[in-house]
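Hints given; two lone chains; assemble the complex.
Here's the letter readout for the chains.
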Amino acid sequence: MLETKDILETINMIDNENLDVRTITMGISLLDCIDEDIDKACVKVYDKICRSAKELVKTGEDIEREYGIPIIHKRISVTPIGMVAAPCQSRNVVKFARALDKAAKELGVNFIGGYSALVQKGFASGDYALIESIPQALAETDFVCSSVNIGSTKAGINMDAVKMMGRIVKQSAELTADKNCIGAAKLVVFCNAPEDNPFMAGAFHGVGEADTVINVGVSGPGVVRAALAKNGGGKDITEIADLVKRTAFKITRMGQLVAREASKRLCVPFGIVDLSLAPTPAVGDSVAYILEEMGLETCGCHGTTAALALLNDAVKKGGVMASSHVGGLSGAFIPVSEDAGMIAAAESGRLDITKLESMTAVCSVGLDMIVVPGDITPETISAIIADEAAIGMVNTKTTAVRLIPAIGKKAGERLEFGGLLGAGPVMPVREGSPEVFINRGGRIPAPLQALKN
Amino acid sequence: MKAVITVIGKDAVGILAKVSDACAKASVNIVEVTQSVLQDMFAMIMLVEIDKSTVGFDELRENLNAVGDSTNTKIHIMHEDIFNSMHRI
Numbered sequence: 001m002l003e004t005k006d007i008l009e010t011i012n013m014i015d016n017e018n019l020d021v022r023t024i025t026m027g028i029s030l031l032d033c034i035d036e037d038i039d040k041a042c043v044k045v046y047d048k049i050c051r052s053a054k055e056l057v058k059t060g061e062d063i064e065r066e067y068g069i070p071i072i073h074k075r076i077s078v079t080p081i082g083m084v085a086a087p088c089q090s091r092n093v094v095k096f097a098r099a100l101d102k103a104a105k106e107l108g109v110n111f112i113g114g115y116s117a118l119v120q121k122g123f124a125s126g127d128y129a130l131i132e133s134i135p136q137a138l139a140e141t142d143f144v145c146s147s148v149n150i151g152s153t154k155a156g157i158n159m160d161a162v163k164m165m166g167r168i169v170k171q172s173a174e175l176t177a178d179k180n181c182i183g184a185a186k187l188v189v190f191c192n193a194p195e196d197n198p199f200m201a202g203a204f205h206g207v208g209e210a211d212t213v214i215n216v217g218v219s220g221p222g223v224v225r226a227a228l229a230k231n232g233g234g235k236d237i238t239e240i241a242d243l244v245k246r247t248a249f250k251i252t253r254m255g256q257l258v259a260r261e262a263s264k265r266l267c268v269p270f271g272i273v274d275l276s277l278a279p280t281p282a283v284g285d286s287v288a289y290i291l292e293e294m295g296l297e298t299c300g301c302h303g304t305t306a307a308l309a310l311l312n313d314a315v316k317k318g319g320v321m322a323s324s325h326v327g328g329l330s331g332a333f334i335p336v337s338e339d340a341g342m343i344a345a346a347e348s349g350r351l352d353i354t355k356l357e358s359m360t361a362v363c364s365v366g367l368d369m370i371v372v373p374g375d376i377t378p379e380t381i382s383a384i385i386a387d388e389a390a391i392g393m394v395n396t397k398t399t400a401v402r403l404i405p406a407i408g409k410k411a412g413e414r415l416e417f418g419g420l421l422g423a424g425p426v427m428p429v430r431e432g433s434p435e436v437f438i439n440r441g442g443r444i445p446a447p448l449q450a451l452k453n
Numbered sequence: 001m002k003a004v005i006t007v008i009g010k011d012a013v014g015i016l017a018k019v020s021d022a023c024a025k026a027s028v029n030i031v032e033v034t035q036s037v038l039q040d041m042f043a044m045i046m047l048v049e050i051d052k053s054t055v056g057f058d059e060l061r062e063n064l065n066a067v068g069d070s071t072n073t074k075i076h077i078m079h080e081d082i083f084n085s086m087h088r089i
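Taken in order, these protein sequences are the chains called A and B.
Note that the numbering used here has the first sequence beginning at 1, numbered continuously upward.
Note that the numbering used here has the second sequence beginning at 1, numbered continuously upward.
Here chain B stands alone, though its shape is the one from the complex (with noise of 0.2 Å):
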């Protein structure tokens, strides 16, 4: 199942980074990246692979939350179906 991952909050360095070594880490392939940064206000969102992720979708996110809290940004993972059922008719 692919998954979307957004990363919300104030640009700094290293974000991108640390999101995706903790994908990497749990052998989560990224699909897809896009990223926009509107005044100081860093909007990140990714699609990912998470059928071959070698940790739970718990874990993942907890991780990606600990990614959030030290990069001072709020992240969600979210089945993708979410957005297509609300946004694709």
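Chain A on its own, in the form it takes in the complex (with noise of 0.2 Å):
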């Protein structure tokens, strides 16, 4: 019989601590669904995504119920449209942005990745097309995320590709300026993106993935952070890295059995769970939260590099042996408006934009979520890409650019967003203009660490 004492655990987790599996991402390939006829080719595509995630919502809501375990988010991910757009005549991509919003709104998914481009070396044919219909693509539809992965370890950074991208940014969100510029939400910016997250706005299903899988996102920031202030009082940083290790692995192990479980229902193979402290702007599920708890003031105070390292760390140590396959990001998140923790060490001014960036260093991801100021220069958008995307390309990680410029607003103002992505405050950035730097084009070669044969 199991121990009462383990029983109550979970449901405290559950009831009071925030504990959910936030996504379970159907990864599906488009790669037969390519046709010099673009309509023909959305037709594909659609039925295809269709057909294959018919029972996605539902399994996801029957095992919810059954587990009673919250499955927040039924996502879909598709291969990379750059490439299937890749042969067809017509320039107009963006129609493949509404073929997948109105399979996302037939099949009740609330975000769809894979409006993508791979681009970290070179433009192919159709990813030049795809990356300047994106402002448009993400305007026009509701559901469609984005991304475009502009650098790599193995192939450097393709500053061409970043330059653009500080311009599409931009461009984002002055076309969806009436709805607080969200479209620059939906848009991310990779260097080293990983083909199997299931985590948006970054998800995309690459190409050397089965025809379709299905991957998890775990979640759970509140869960360690009430661990920490239940047991974690007095004990030394060793202690520390046990406990969260320990929760991470509660956590995981969940995760691992809904992904099992969805799996055999869906008759898809079971690509990965994703390892990700993920917070959500509710009070308590928060990254910032569990730094707080370990003995920082504050988040973004000298110190919160070295806890973020130790809790990336931990959180890896402990769900990777809670799970047969891990990928994704597997780290902790610190997307800054859908983190409580982190919107009010930003407004107290004590989280800046430099701060953040050394974070990355340590953690999952990279700039999530920041909202900086309307007249921001694309340049600069392109040289906070290139800064996050070097960071990511020397340390053979995964990094990301999510910037949203509130357009109209100044520094110290808000941008609401509401739900999930939250609000945020619009953060300053650095003075001095680094328009020449990025104009120069080309290719940043690829380090050292890329010769490893």
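Keep in mind that the hints were calculated from the coordinates and are not lab data.
All the pointers check out, no bait thrown in.
DSS-like, lysine-lysine: derived pairs with alpha carbons at most 27 Å apart:
{"no.": "1", "chain 1": "A", "residue 1": "Lys-316", "chain 2": "A", "residue 2": "Lys-355"}
{"no.": "2", "chain 1": "B", "residue 1": "Lys-52", "chain 2": "A", "residue 2": "Lys-58"}
{"no.": "3", "chain 1": "B", "residue 1": "Lys-25", "chain 2": "B", "residue 2": "Lys-74"}
{"no.": "4", "chain 1": "A", "residue 1": "Lys-397", "chain 2": "A", "residue 2": "Lys-121"}
{"no.": "5", "chain 1": "A", "residue 1": "Lys-5", "chain 2": "B", "residue 2": "Lys-74"}
{"no.": "6", "chain 1": "B", "residue 1": "Lys-2", "chain 2": "A", "residue 2": "Lys-58"}
{"no.": "7", "chain 1": "A", "residue 1": "Lys-316", "chain 2": "A", "residue 2": "Lys-397"}
{"no.": "8", "chain 1": "A", "residue 1": "Lys-452", "chain 2": "A", "residue 2": "Lys-316"}
{"no.": "9", "chain 1": "A", "residue 1": "Lys-317", "chain 2": "A", "residue 2": "Lys-230"}
{"no.": "10", "chain 1": "B", "residue 1": "Lys-18", "chain 2": "A", "residue 2": "Lys-5"}
{"no.": "11", "chain 1": "A", "residue 1": "Lys-235", "chain 2": "A", "residue 2": "Lys-317"}
{"no.": "12", "chain 1": "B", "residue 1": "Lys-74", "chain 2": "B", "residue 2": "Lys-10"}
{"no.": "13", "chain 1": "A", "residue 1": "Lys-58", "chain 2": "A", "residue 2": "Lys-44"}
{"no.": "14", "chain 1": "A", "residue 1": "Lys-5", "chain 2": "B", "residue 2": "Lys-2"}
{"no.": "15", "chain 1": "B", "residue 1": "Lys-52", "chain 2": "A", "residue 2": "Lys-264"}
{"no.": "16", "chain 1": "A", "residue 1": "Lys-102", "chain 2": "A", "residue 2": "Lys-48"}
{"no.": "17", "chain 1": "A", "residue 1": "Lys-5", "chain 2": "A", "residue 2": "Lys-245"}
{"no.": "18", "chain 1": "B", "residue 1": "Lys-10", "chain 2": "A", "residue 2": "Lys-230"}
{"no.": "19", "chain 1": "B", "residue 1": "Lys-2", "chain 2": "A", "residue 2": "Lys-264"}
{"no.": "20", "chain 1": "B", "residue 1": "Lys-18", "chain 2": "B", "residue 2": "Lys-74"}
{"no.": "21", "chain 1": "A", "residue 1": "Lys-230", "chain 2": "B", "residue 2": "Lys-74"}
{"no.": "22", "chain 1": "A", "residue 1": "Lys-95", "chain 2": "A", "residue 2": "Lys-105"}
{"no.": "23", "chain 1": "A", "residue 1": "Lys-409", "chain 2": "A", "residue 2": "Lys-355"}
{"no.": "24", "chain 1": "A", "residue 1": "Lys-102", "chain 2": "A", "residue 2": "Lys-58"}
{"no.": "25", "chain 1": "A", "residue 1": "Lys-179", "chain 2": "A", "residue 2": "Lys-105"}
{"no.": "26", "chain 1": "A", "residue 1": "Lys-397", "chain 2": "A", "residue 2": "Lys-452"}
{"no.": "27", "chain 1": "A", "residue 1": "Lys-5", "chain 2": "A", "residue 2": "Lys-316"}
{"no.": "28", "chain 1": "B", "residue 1": "Lys-52", "chain 2": "B", "residue 2": "Lys-2"}
{"no.": "29", "chain 1": "A", "residue 1": "Lys-409", "chain 2": "A", "residue 2": "Lys-179"}
{"no.": "30", "chain 1": "B", "residue 1": "Lys-10", "chain 2": "A", "residue 2": "Lys-5"}
Following this line, the structure appears as structure tokens:
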């Protein structure tokens, strides 16, 4: 028989500490939908997604009810559309975004990712047109998410793409200025993008993946924080790391169970469990609060990077043993607008963009959901992307940039998205123009770390 | 399949009877019960067999929730695997 205290612990985690499975994401390959005629291709894309993911939402809800575990999102990721669009004669790539959006609405999923291009080394046919169409695609659709990989440890950084993305991010915000610049919140610029990431907005279905696959993203910052609050008093750092590991193990086991069950019921192979601590704006479900629970007065003060490094590592060590396949981003997320503790720290001025940048060197993603002044220049956005990509490239890790230029707003004001995307203070960026550097174009050569063979 | 019913709340007369009654009405067999009362707080855990249940899982949960409302307790019913996978290696 199970022990009473274990059962009550699980119930308490769900009821009071926001334990949930953040997302079941079905990856769907669209390589067999490629067609020279864009309209035919769009019909094939829509049909394949609807056919493959017909039961996704219902299965997710069934598992949720039977196991009593909230599964917050059911989502879809697809092959980067840049590839699917490559042979199309028409340059009106937005048609694909409309097809994806229509399929998402038909199926009841709340995001569909993969309006993407992988251009870390150069632009293939279709990539230019896709990237140019991103602002319009994000403005015209509700659920489509876009990502562009502009660098990798193996390939270096494509500075032509970096330059382009500064403008695209800004335009995405401008085109949706009447909707809180939401376009930019659905666009991620990656270095070393993982091909099996279940989390939005950066999810896409890599070309090396099976035809369809189930990936699951777990969550649980609230549970880790509560464990530290309850049992962390007076403990040294080794013991704190151990406590985080044990908690991460339990969270991940739950994710593994859900992934296995979903894969079985949908007859779709199980891909990976992503061991991420993904915060939500709900009070208590915050990565910043975990760091503060470790003994920092506020997230952003000196010591934050060390605390985050410890947290990120312990989450992986605990989680990796709990799951048969681990992948995706796997680590702690630090999206500012989605984390109550980060919002508070940013509003008080104690957490700024430079501290966040150094934190991204030791956590799983990058500069995520950061609201910047609306008058930011495209070159400055590009330079922020380049800095972040350099951290990822040199450290052989994923980094990403999701900045939201708040059109018409200045530093100190606030931008509200609502829901899981939260709200964020407009954060100032550093002064000085990187214009000449960015306009040079070209490629940053791959670092020595790439030469491992 | 086996499920775990947990009942948490302020101790009162008849909680066990009402929960058992809801199970019996649905032909749900109670395999094991543990119960503890800690400073007025009542925590009961039942392992039940629901393969022969005459009502669906959702309906059973709703019935139990109704018992929870009438006894001022919080009742969950969850597949036992969730606890097995979380707490056993």
